[in-house]
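Could you put the whole structure together from the sequences, leaning on the hints where they help?
Below, each chain spelled out in residue letters.
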Amino acid sequence: MQVSSPIREPLIHGGKTMHDVSEDICRQVEAKPSKGWMAGFAVSLAILGIGSISVGALLWDGIGVWGLNKTVGWAWDITNFVWWVGIGHAGTLISAVLLLFRQKWRMSINRAAEAMTIFAVICALMFPGLHMGRLWLGFYWALPLPNTFGSLWVNFNSPLLWDVFAITTYFTVSLVFWYVGLIPDFATIRDRAKSKVSRAIYGGLAMGWMGGAKDWSRYESVSLILAGLATPLVLSVHTIVSMDFATSVIPGWHTTIFPPYFVAGAIFSGFAMVLTLMIVTRKLFKLEDYITIGHIELMNIVIIVTGSIVGIAYITEFFIAWYSGVPGEQYAFINRATGPYWWAYACMMTANVISPQLFWIKKIRTSIVSTFVISIIVNIGMWFERFVIVVTSLHRDFLPSSWAMFYPTIHDVGVFLFSIGFFLTAYLLFSKYFPVINMAEVKSILKSDGEKE
Amino acid sequence: MESTKKQYWKGLEELGKDPEFVKYADKEFPEYLPTNSELEETEEGSTRRDFLKLMGFGMAAVTLASCEAPIRNAIPYVNKPVDVDPGVPNYYASTYIQGGDYASVVVKTREGRPIKVEGNRLSKISQGGTNAQIEASVLSLYDKERLTAPQKGGSETDWATLDTEVGEKLTAIAAKGGAIKLVANTIMSPTALKVIEEFKAKYGNVELVQYDTQAAYGLTSAYNNIYGVAAVPSFHFDKADVIVSFDADFLGTWISPIEYTKGYSKGRKIGPKKKTMSRHYQFESNLSLTGANADYRTAIKPSEQGKAVIALYNAVAAKTGGTSISGGGDYKNLKKAAGDLLKAKGKSLVVSGSNDVAVQTLIASINNMLSNYGQTLTLNDYSNARKGNDAQMSAFVADAKAGKVDAVIFLSSNPVYNHSKGAELAEAIKKIGLTVSTSDRKDETAGLVSYIAPNNHFLESWADAEPKNGTFSLGQPTISPIFKTRQEQESLLAWSGNSTSYFDYLKNNWKERFGGGKEGLSFQAFWDKILQDGVYEAPVEAVEYTASINASAAASSIAKNYKGDGFELALYQKIAIGDGTQANNPWLQETPDPITKTTWDNYVTVSLSDAKTLGITEYEGKSIKVDLTVNGATHRLPVVIQPGQAKGTLGLALGYGRKSAGKVANGLGFDANGLVGTLNGAAYYNVTTGVNLAATDEEYQVARTQTHQTYMDRGNVIQEATLAEYQKDPMAGREVPMIATWQDQEHGKVKSTSLSLWKGHEYPDHHWGLAIDMNSCTGCSACHVACVAENNIPVVGRKEVINRRDMHWMRIDRYYSSNEEELAKTTGLIDRLSALDIASENPEVTFQPMMCQHCNNAGCETVCPVAATTHSTEGLNQMVYNRCIGTRYCANNCAYKVRRFNWFKYHDNSQFDMNSSMNNDLGKMVLNPDVTVRSRGVMEKCSMCVQRIQLGKLEAKKESRRPNDDDFSTACASACPSDAIVFGDMNDDKSMISQLLRIKLEEGDYGIDKQVNEERAYTVLEEVGQKPNVLYLTKIRNKDKNESQA
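Chains as they are written, first to last, in the working numbering: chain A, 1 to 453; chain B, 454 to 1499.
No lab work stands behind these hints, which were simulated from the structure alone.
We treat Cβ as the ideally placed atom computed from N, Cα and C, and that holds for glycine.
Wrong hints could be hidden among the right ones.
Said to hold, decoys possible - Sample of chain B residues facing chain A (criterion: CB under 10 angstroms; computed from the structure):
no., residue
1, S687
2, H689
3, D691
4, T1163
5, D1266
6, P1318
7, G1339
8, N1373
9, K1377
10, V1399
In structure tokens:
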């Protein structure tokens, strides 16, 4: 019962009925894994396996297996951390902020975006853990727990501690938000399930959802409250992550522009990652009618906006370095652009500032292939942005006697692969066994296309 | 059967039916047992719970007992020695002698183990200073590669067998009048020489052959020719206003560097009361430590040495009425030097490191013309530091080759390795009937001999020395021999048929010679005093020496010998490794060369322009290997591009390429001893002809701890001025960052230190600080090794140094001035910054010791998530290893990059077995028990020797007084031979640091603030606002104007 609007494009194509939606989404949950999925899963597991060798080496031998040195104390570890946290921003932004703004187009992508957020945050959390010299103590000493060490407390002045709070809060809220949204859909799958086992499992996951009016009313309120809670977190998490750098004294880190710049960058990279995953998912699970070119175009517009903000931030940093008149600061930025890591800076500039500008051209921003390519380029660029900030600032700071280069080892790469392997594995498991699109919400927009009911 | 009713009483109480006894008679433990009291008192004493408790305890006890407890051999004293208190260090005065290198030292022992060597302030020669090799020598004591027992033909034997066989063979040789040679480095011990006399008396045809690994035979022969004294005169650098040195690295490796540095630094100290300092000219080929400290440095080729000296001779002779000699040339700064010398007659000093008698004759005669004798240069207290006779040594090798030697005893000398004719000697040793070595290890020479009678380490030995005529020094053992080794003097005594112990022999000799000393004490009182002081000065009869100089003969010899074509090679010794005797000491191997900042290697140094011509480039130590051809033989070696290297010259360090020094040293670098030549009968450390250098494709990376050479014109790091500027304005060279605030209109700009987010710290009691005089610091690295020894700092090895992970808590940053010509060519800022990167061809050099700055507003403290680094109430930035989780955030946020992370487990880890102080039981004995050995994954850094501060405070507390400067000093400050580092309490207005910095305590913006009134004092990176407790005094150069040397 397609209702078309003379004003707006429908959000869901293909003239879907409510039953079609259930069928389309539940199909891959109920069916046997496809060959494409199997192949993808095997690759992901392989990456995870290779990466875990490096994690093992890191834990067994020490941080020395990485390429860090006395001058560059953080490199790939914190780069990866910030990169993953940044990616983890899109989910909450899509579900919470866009929910508050009543952007209904979000409904067909928020589930996957939130899942991506959760896995990205887990990947991010790996790095502050793994980068510790003594993880076996650090994992609980970094928490403000009552203890018997003469009651030793954490240092509330430390931005790293703020990170602990910011990220665990964000993770918890995101997880709850995601799970609450999943409950009605689990109930749908439960009701459709044929085998006892899956009925039991999905029944358990659905937590007794009956679909009554009261259920729906509570569901709506909880979603709204969680959206309200999550919205400030979108801004706070990366603000606090940026303070790891901004509150330090190192030229190139000690910058007040970092909080907004990091948040914009996070949304930028998050949307790029959502695009990368969505384009694959819609193809793999034949969801082209739900995740339409319209969605892709809208997300591309967000990428243009945030990419431009990031670009302005890069230029502002340079301006302020010149304007401040501080030689150390000036050197740090000149060294970024022209020093031994100029190539990383060039990568970052091209990928983050120039490539998203291509989306001004309608043909490019509505093309699946070019969007996919640019989304990957943006993610690479954002990785280099963090690398540039972390490494080029450290490698030549105040005293020239300590200036040094950082060269990654195989284990730097390995631990990064571990996180990627984990992310892909988790995402593939999610997309196979959980409904990748929020059926309940999508059903609500089938006919809300501009016309009053 | 009759039942006997014999009764046994438990005691008289039972027999007497003592009521007290009867009351408890039925109890198993009649006496009061406190553990049961609660049970008895409470009625509900639950036996079930008790049972379970006991059961549980029993189970636990049984389980625990079944675990095998590791056996640790820490056995308490049955009878505690009077002097040894666990936890309290004992100090013993002793003497460090290594060939001709000498220092009077104080050895710190803990529970009977020597753990640290410090300078003896009572000595007039070393004056409390030490150097890198002395500081590291304590680790050599615990070297696992030392021989543990005497050896015969490569396998262990016992002393009795060895003594009998050696004795018999010597007697047999003596009977047929065979030639017996004793080969040693300089022996400055009068008693050891007496032992040798006794040995000679017993065996007749015995010759003592002394040679030096860094020979001064040219110098001693020149003095022999001129004054009839074959010795090194005493140089008094403190009395010299003008110092001219031709290739003499007197602050680094030449003859008696500690003594010279002490003197030199006195002349270089300036302050409000003394605004003058000595002026130092250096003419040399390699950039030496001394050259790096010179005010004017001219790079000349080795073949130009002679001509330069002749030129100076002529310039001085022209003004003092001498006759000029032929030869000479025109060298930059030479005329200026001559002018300054003439202005400072009697207060100047000219020295040369040359081992050529001709050059030394001219130098002696220049000093003579300048009336320096008796002033800056004295002969009555001539030095015994170099007694080697190169001619005699060459003759010995020739004799050995000719089969004219019947027996040889190498007295702790290793000529096969460290003499230029070592290879010939190695062949010749086979022809000698009896070969004995007293080396402590199976080194290159000892590996070839038939008997090894291993000598004790100096810390296990009794010794005396006469480093200067009339100045005596006594060395006492601080530990009984660890292995079955024996002092070489005792071995000689044994072979001479004298069964006296060397201790008695030494004591008797002193008794004979000094009786009760000049104070006229009883011998025992005198002996006790000397033993405690370690030094004794006997009155010396003053002799008038008259000079007879033949300058023209010297000039013609120079004209004949000094010719160069193409590249010229200058061989030198490095400060830490020296001649390679202690090469197996990892502390020394990892001590960066103060100039090149390179560890674990030797390499060819080439000048910037030669590198450009040859197409050699270097980045972060990564370069290529070069083919060095010397007299037809080609050697493939690493290369280092060295600013200050004379164009057309190459430098190469001796002391490397050891083949059997031990696991640490073997195979490191290239053995250049074979390249040493001969000139006028003496060892000649330059090769001026037949040298060529070619680049190859083989890539190689040397392990450098500092790869960036200039300070990028950063005035917040290095502040320097010329003397004239300083005299005009003591603030010269200072950069005081001023910050604009919103109050600008009213107050103008304010000092960056007066703005802070923080409330500051109250230091009610003490406030520790360090003041470092960059003008005195010569960069010699004694402090660096002292710090390693004091603070159990691990050695990480060549590979990890390449990975930039050296663990040193203090380093000495060495900066070159930037190339002015390149700078002049630049236009924009980016251009300028890249030009600043390029070091000058002949740069000005600045040394800056850098350790934790103990900031009052420390960046590291705020960022640690677990508060593992905190601020003490005495101004120290403390590191709590136990609390550290290793995020490395503190190290990143340290503006000075002084924090060091334990990337790996460096102790008990076979991957780091070169770190011998932490990887074998013997090596571990050197560890300072007051300092934790850090575990993997924690951060560490300079603690300002908090353990020494604590000890000093406790000592003062025991005497109920406030501690003062004498109670403590950091390891670096106490090692410093130039007194450049001053440690103390900035809250104590009598302390040296307060006086030096002229600290005034006043009410500041927050609490008591310290006003530093010394104009030269500055903190590094002042504008960052971390308020360090380490202050630096500006570097002042005694130059006419600010000019680059290029």
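### Message
For each hint given before, does the structure comply? Return the numbers of the non-compliant ones in rising order.
### Response
Hints 1, 2, 3, 8, 9 and 10 contradicted; others consistent.
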